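So you can see what is in the structure, the chains are spelled out below.
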Amino acid sequence: MSSTPIQVLLVEDNPGDVRLTREALRESKVRNQLNAVNDGEEAIAFLRRSGRYGEAPRPDLILLDLNMPRKNGREVLAELKSDGDFQQIPVIVLTSSDSERDVSECYELNANSYVRKPVGLDQFFEVIAEIERYWMGVNRLPGRTSNAK
Amino acid sequence: MFHDVPVAAWWVAFSALSALTLLWFRARRRVRDRERRERGLAEQLDITRERLQLALDALGAGTWHWDLHTEKVVWDARNAQLFGIDLASFRGSREHAAEGVMLEDVQAAEREAARAVAEPGTMLDCLLRLRDGERVLRLHGKVVRDDDGKATGIAGLCHDVTRAQKAQLALAESEERLRATFEQAAVGIAHLSPDGKWLRVNQKVCEIMGFEAEELMQTSFQKLTHPDDLELDLGFVGELIAGERDRYQMEKRYIHKGGYIVWGSLSVSLVRAIDGTPKYFISVIEDISERKLLEAELREAKSELEQRVLERTAELSRSNDDLAQFAYVASHDLQEPLRMVTSYLELLERRYTERFEGEAREFMDYAVDGARRMKLLIDDLLEYSRLGTRPEPHGDVDLNDALDEACANLAIGMRESGARLEVGDLPTVTGQRSRLVSLLQNILDNSIKYRSDEPPHLRVSAEPDEKGWRVHIQDNGIGVEEGHTTRIFEVFQRLHRDAEINGTGIGLASAKKIVEAHGGRIWMSSEPGAGSTVSFTLMSNAGKPSHEQHTDPSLVG
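Chains as they are written, first to last, in the working numbering: chain Z, 1 to 149; chain F, 1001 to 1557.
Read the hints as simulated data drawn from the structure, not as lab findings.
Fair warning: this is a prediction, and the values are worked out from it, not measured in the lab.
Glycine residues also receive a C-beta, built at the ideal position from the N, C-alpha and C atoms.
Please note: incorrect hints may appear among the correct ones.
Claimed, not checked - Chain F side only, calculated, beta carbon under 7 Å to chain Z, not exhaustive: (1) S1343; (2) E1346; (3) L1347; (4) K1375.
What the hints assert, rightly or not - Pair by pair, the computed Cβ-Cβ distance ranges are: (5) A1296(F) <-> E100(Z): 48 to 58 Å; (6) A1360(F) <-> G84(Z): 49 to 59 Å; (7) L1334(F) <-> A129(Z): 21 to 31 Å; (8) E126(Z) <-> E1359(F): 27 to 37 Å; (9) E100(Z) <-> R1372(F): 24 to 34 Å.
As the list claims (entries may be wrong) - A few chain Z residues that don't get close to chain F, going by computed Cβ distances all over 10 Å: (10) P5; (11) E41; (12) R48; (13) G54; (14) R70; (15) E75; (16) N112; (17) V138.
Isolated chain Z (complex conformation) (with noise of 0.2 Å):
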């Protein structure tokens, strides 16, 4: 466990949704840190370190949810993915819409993946492990010597 853990950042309104995730991300075999934000304002904050994030750490990988209050996850999408400081970091769009317009929208706005939320339980944490599996196990992130194992 000598290298630093992938960070997350989690962009998602709703704690229910937030604290699954981190149920599944905690029985990841990655090493991780779950950083958790309630819109896309505080996601852009976040970030950019300002206000009570500047001892915030850059993210490894973005989860983003869509609908949200005051900013929403396109609007995150497109300002993170025209900044030439954030636009590497690889954004996953996961929601539970799968409107056929949220999909192409999203991939318009360069998203690196879109994810649908499953309703089980189960199906959720599948989905969890298989983007830790992919993104954090088989893809290779920027600016990582090499994935932590």
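Use these hints to put chain F onto chain Z, whose structure you have.
Chain F only, in chain Z's frame:
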């Protein structure tokens, strides 16, 4: 009366007869003593007699003389012939002469004679209808007077006026008929001068216009025509006068005396003089105000109805859109809280299941089951509300392929229930592929869910229909009672309790929506305990299916 006899001939005959009569009397009185001295007079008499005879022949007239002294009547041969009596047997009496004449006319003739005698300088003129009922004679006579002016006799002519009399009667009758037709016609008839003045009008015209005939004569049709219709009317009149048309017909508005509008259907023709100059117009006017009123009412009612249908359709379409939108949003937004309920129930189960005992376990099971059914409902509702919201082009869809896909989607349910599928050759129809898969899937799923104790036996067949095909899906399930075969296609209409069968009541409603969106219809026939057949129609691109596609053995040969 004189139509058939040239007037000149009359006067020649008459003057000659008068002269002859005078001469004859004088001659008779003085003949003996003047015979030799007045030889020239006799010669003149001969010439006059000859002229007289020629004139009488030309007229076909007979001569008569009635001596007032002797009461003797003298006829010539033609006169006797006219009265229908042989001259040789004529007794020369007034009575004999009057024998063949209608009594009424005899009396009238006697009165006429008495009058002529009483009024010097006048002539006798009367008609005698013969008792044979066929002929009419006319008598002209002149009273002969002596030097003292005393009447001594009456002499005159008689001729046959039967033909003239008949012609006159016929003419009068025909005129009467025409007059009655004109006067009493149910439509307005009028004669108008070429410049539009009313010349003659019948009663109906007066009724239509509200004027007395005399008042109408003082005015013109132009003054009674609605200004908006005048130009067209005058244009037609011009064409009529120019000979460009024989008649014209139009519907126009007249201004009634009371100031209101009367709708008339007008037909006009022009009567010309022999030299071709316009003489008068014949106008036939029919009052069509009532018809126009009804037409207007009908038009109004029709447009109001159309408007209402449009509004209602828009309302319906709006409310349909709203409903679909609502169902989509509701089911979509319900997913979120449901996911929470399900996930945390499962998390509870996963981590704390050993702590649940007795009732806690039971309550937990109910909660988990409720959440699971809620998920099914929401998924189906979402699917139903999406029908028709995603337009997909219509194309040829091979129902065999669609059925394969539907069965693949239902693989688990079919395997678990031990379902057996029997498929006839299915046609290619016109439609949206994904919807048709969904249609077959919904119906098959329904059959599997509502199976009896036996494993499902599903039979899919097709037969040609007027516009395309009729597809039947028959099962051996529990069936549906007759009164429910329509209700079963309504959304959320389920016939069974949850515990029995795992359905949401949306499957067949979706099927119906899909079939209707494809222009077809769907129905069910069923026998409780024996099974149901769901049938629906789909159109085929070729219109009528080709003969080779007849696949049902019962329909071939």
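**Request:** Against the earlier hints, flag every one the structure doesn't satisfy and list their numbers going up.
**Result:** Failing hints: none at all.
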